[in-house]
Every structure is written in structure tokens, then in C-alpha cells.
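Participant: Sequence:
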Amino acid sequence: MFEAEQNYRSAVMLLAKFGFTATQVRAMCHAEVAAWIASWQKSQGIKPQAEKGDTVHYNFMRRKNKGA
24 MFEAEQNYRS AVMLLAKFGF TATQVRAMCH AEVAAWIASW QKSQGIKPQA EKGDTVHYNF
84 MRRKNKGA
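Heads up, the sequence shown is in the numbering used here, so the first residue is 24 and it goes up one at a time.
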């Protein structure tokens, strides 16, 4: 499955919660789909994507157990 098709299916499933049909989602432009998904994320308290490179990345290394 291509990434675009997988993203489309995910968008259809998510926007179905708002009452949209697959045909309606297909007719939307990318910006409209992104706006609906962003509004859903905001309503769920999901942190918005960082802008202007202010993202902090952490690398967690798993320690090997010694003698355990």
C-alpha cells in the first residue's frame, strides 16, 4: 500500500467521527483535511506540531543489565 493511500484511509477514518463520508473527504483539498485534523487534535489536547525549529529531541538509551 502506498503512503498516500494509507494517509487517505487514516483521514477518512478520523473524519468519519465528524460525520464526513469517504466521498466528501476525497473532494476536500489537503489544507481542508489538515485543518479538520488539527481541530480534532486541539479538541483532544494533543500538542500541536512545533514550528520554527523549536523542537527538543531526546535520545533514551537502554542500559544493559549487568549480572541480572
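Heads up, some of the hints might be wrong.
[Unchecked claim] Listed next, with one range per pair, are the computed distances between beta-carbon atoms:
1) Q29 <-> F83: 19 to 29 Å
2) G68 <-> A45: 42 to 52 Å
3) R85 <-> E26: 22 to 32 Å
4) Q64 <-> E28: 33 to 43 Å
5) A54 <-> Q29: 28 to 38 Å
6) R86 <-> T44: 46 to 56 Å
7) Q47 <-> Y81: 37 to 47 Å
8) N88 <-> A50: 17 to 27 Å
9) K87 <-> L37: 32 to 42 Å
Simulated from the structure, these hints should not be mistaken for laboratory data.
Model, not experiment: these values are computed from the prediction.
From the three backbone atoms N, C-alpha and C, an ideal C-beta is built for every residue, glycine too.
Participant: With 17 to 27 Å as the target window, see if N88 and A50 comply at their CB atoms.
Facilitator: With Cβ atoms ~55 Å apart, the hint is violated.
Participant: Holds or violated: 46 to 56 Å for the Cβ distance of R86 and T44?
Facilitator: Holds - the Cβ-Cβ distance for R86 and T44, about 50 Å, lies within 46 to 56 Å.
Participant: With 32 to 42 Å as the target window, see if K87 and L37 comply at their CB atoms.
Facilitator: holds (40 Å)
Participant: Between the beta carbons of Q64 and E28, is the distance compatible with 33 to 43 Å?
Facilitator: violated (22 Å)
Participant: Using the Cβ atoms, figure out if A54 sits within 28 to 38 Å of Q29.
Facilitator: violated (20 Å)
Participant: Just to be sure I understand the hint, the distance between the Cβ atoms of Q29 and F83 should be within 19 to 29 Å; is that true here?
Facilitator: holds (28 Å)
Participant: Please check whether Q47 and Y81 have a Cβ separation lying inside 37 to 47 Å.
Facilitator: holds (40 Å)
Participant: Quick one: are G68 and A45 within 42 to 52 Å, going by C-beta?
Facilitator: At 27 Å between Cβs, range violated.
Participant: Are R85 and E26 spaced within 22 to 32 Å by their CB atoms?
Facilitator: The hinted range 22 to 32 Å holds for R85 and E26, with Cβ atoms some 29 Å apart.
Going down the numbered hints, you'll see the structure goes against 2, 4, 5, 8, while the others check out.
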